[in-house]
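**Student:** With the hints as extra help, turn the sequences into a complete structure.
Number of protein chains: 4
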Amino acid sequence: MSGEWFRVNVRVRYCECDPMGVAHHASYVPWMEIGRTEMLRATGRSYASMKEQDILLVIVKMDVRYRKPVKYDDLVEIRTRRCGGGRVKIEHEYEIAVVERAGVSCDEVAAIGSTTLGCIGRDGKPRVLPDELIVID
Amino acid sequence: MSGEWFRVNVRVRYCECDPMGVAHHASYVPWMEIGRTEMLRATGRSYASMKEQDILLVIVKMDVRYRKPVKYDDLVEIRTRRCGGGRVKIEHEYEIAVVERAGVSCDEVAAIGSTTLGCIGRDGKPRVLPDELIVID
Amino acid sequence: MSGEWFRVNVRVRYCECDPMGVAHHASYVPWMEIGRTEMLRATGRSYASMKEQDILLVIVKMDVRYRKPVKYDDLVEIRTRRCGGGRVKIEHEYEIAVVERAGVSCDEVAAIGSTTLGCIGRDGKPRVLPDELIVID
Amino acid sequence: MSGEWFRVNVRVRYCECDPMGVAHHASYVPWMEIGRTEMLRATGRSYASMKEQDILLVIVKMDVRYRKPVKYDDLVEIRTRRCGGGRVKIEHEYEIAVVERAGVSCDEVAAIGSTTLGCIGRDGKPRVLPDELIVID
Numbered sequence: 310m311s312g313e314w315f316r317v318n319v320r321v322r323y324c325e326c327d328p329m330g331v332a333h334h335a336s337y338v339p340w341m342e343i344g345r346t347e348m349l350r351a352t353g354r355s356y357a358s359m360k361e362q363d364i365l366l367v368i369v370k371m372d373v374r375y376r377k378p379v380k381y382d383d384l385v386e387i388r389t390r391r392c393g394g395g396r397v398k399i400e401h402e403y404e405i406a407v408v409e410r411a412g413v414s415c416d417e418v419a420a421i422g423s424t425t426l427g428c429i430g431r432d433g434k435p436r437v438l439p440d441e442l443i444v445i446d
Numbered sequence: 310m311s312g313e314w315f316r317v318n319v320r321v322r323y324c325e326c327d328p329m330g331v332a333h334h335a336s337y338v339p340w341m342e343i344g345r346t347e348m349l350r351a352t353g354r355s356y357a358s359m360k361e362q363d364i365l366l367v368i369v370k371m372d373v374r375y376r377k378p379v380k381y382d383d384l385v386e387i388r389t390r391r392c393g394g395g396r397v398k399i400e401h402e403y404e405i406a407v408v409e410r411a412g413v414s415c416d417e418v419a420a421i422g423s424t425t426l427g428c429i430g431r432d433g434k435p436r437v438l439p440d441e442l443i444v445i446d
Numbered sequence: 310m311s312g313e314w315f316r317v318n319v320r321v322r323y324c325e326c327d328p329m330g331v332a333h334h335a336s337y338v339p340w341m342e343i344g345r346t347e348m349l350r351a352t353g354r355s356y357a358s359m360k361e362q363d364i365l366l367v368i369v370k371m372d373v374r375y376r377k378p379v380k381y382d383d384l385v386e387i388r389t390r391r392c393g394g395g396r397v398k399i400e401h402e403y404e405i406a407v408v409e410r411a412g413v414s415c416d417e418v419a420a421i422g423s424t425t426l427g428c429i430g431r432d433g434k435p436r437v438l439p440d441e442l443i444v445i446d
Numbered sequence: 310m311s312g313e314w315f316r317v318n319v320r321v322r323y324c325e326c327d328p329m330g331v332a333h334h335a336s337y338v339p340w341m342e343i344g345r346t347e348m349l350r351a352t353g354r355s356y357a358s359m360k361e362q363d364i365l366l367v368i369v370k371m372d373v374r375y376r377k378p379v380k381y382d383d384l385v386e387i388r389t390r391r392c393g394g395g396r397v398k399i400e401h402e403y404e405i406a407v408v409e410r411a412g413v414s415c416d417e418v419a420a421i422g423s424t425t426l427g428c429i430g431r432d433g434k435p436r437v438l439p440d441e442l443i444v445i446d
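Protein chains in written order, with my numbering: chain B, 310 to 446; chain S, 310 to 446; chain W, 310 to 446; chain R, 310 to 446.
Check before you lean on any hint, since a few could be wrong.
No distinction is drawn between identical chains; accordingly, a pair holds when it is met within one copy or between any pair of copies.
Below, simulated BS3-like cross-link-like pairs (lysine-lysine); rule was C-alpha separation at most 27 Å, straight line [as the list claims (entries may be wrong)]: (1) 398 <-> 380; (2) 360 <-> 380; (3) 434 <-> 380.
Derived by calculation from the structure, the hints in this document are not laboratory data.
**Tutor:** Here is the structure:
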């Protein structure tokens, strides 16, 4: 698998940056969450609607490699794709790219990452994903 | 003064919500910052470019009235306008409105707020705002 | 009323600071929440336990006056006291003071603030506070 | 190497929790930062003082494995130790353990993680760590 990237942009917020003038490394974590959330929404579902059906996705694993700084006010493109999983897990990989800085277009991958989500029910126990989210590699 | 609202939308992030399932009250603070930042950008300037000229805007006063909850995944419209100021201060007022919930359009003001920014130089001392940002009421 | 301050310390986190090298103004909001939470805990209750009894406190009003910057790694003393309220509301006021900077003791009020909390039930409707939280001015 | 854990406690903040009522997975990232910052302070140095000497530590790699939820108001013990590095890198590993819940002591590892920091100068170029921070495995 590992098909096309799903792309969504965010403008780097002032409060996401640290005294070095760059995005704090914790700020990338919500960006990856936005990436997978919006990718899901584009397929016609939403986490919000899944929650109402008692299908909860919890993160079990995350890693990030930071290559270049992201600066305040940069326009960041979050690229997300499924890269594995199965019947109870979803694996995503991500590229965090700067696509505009100081009003000038660019394209520089600042970080790469991956996450693994597990599917649980309201009782906290593992459950099988809805059919359309199951990916067999 | 108090002219037209400048409008910009944000999707409520999962990490901005608290155990009551609604946006945490601290989350509104960066939204108001986004409102005044994007309003400034729309006039052809940016805080990032002002900073390079050693013009810093610091917050001296903020207040928020919370009327209705904002929920996870809501689409929020941040409405911002200048409402006063002078030669060294900028006053803004804000409406935080929910304009889409669960895929359905709506229009409900969830909070109102105001901020006062002071202009300082790199030395931390007050300085006069750039001409185009001065508003005489 | 307005009796003694309840005091609790926090060390300013790197991720709470912005590119000016000072605590971002949104960071003060969780500090005030910590102040009133720990003040409540010191009386033998906790918000966590109140929630289990379906007593929810929601913020309806907040204001902050910022006087001096708070820097990364400063030790901040959050001072909290009740300053009003009644049967369905709790009003607090706060001082955010820097009490140690770069290893040296000091005592400088960096900001003052206030909040008003309303008491609601699980149904979102106003309800009377537990007896011991009611303050008649 | 991999000696004793350095231990520091944090109380889980309300704003660090998400609509599932547990600490949001991004909240663990500042906790690990607090762990390594306080471990450094305990040796008589601080990141704040290193910065003044133009020694900057930037994160290049982070991973976290989430095993159990951390709840609002839990007391969390952040355990940190050096686990590798060399002349230009510092590697840490972490345990995030819940040591008190609802007023009752416990000891449950909720997550494990690791980070790699690189040392750079003000010019953004790699530089050798101060002698006392170099660890030869």
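**Student:** Each of the hints needs a verdict: does it hold here or not?
**Tutor:** Taking the hints in turn, this is what the structure says about them:
no.: 1; hint: 398 <-> 380; in the structure: between (33 Å within a copy, 23 Å between copies)
no.: 2; hint: 360 <-> 380; in the structure: between (34 Å within a copy, 13 Å between copies)
no.: 3; hint: 434 <-> 380; in the structure: between (40 Å within a copy, 17 Å between copies)
Hint compliance for this structure: every hint is met.
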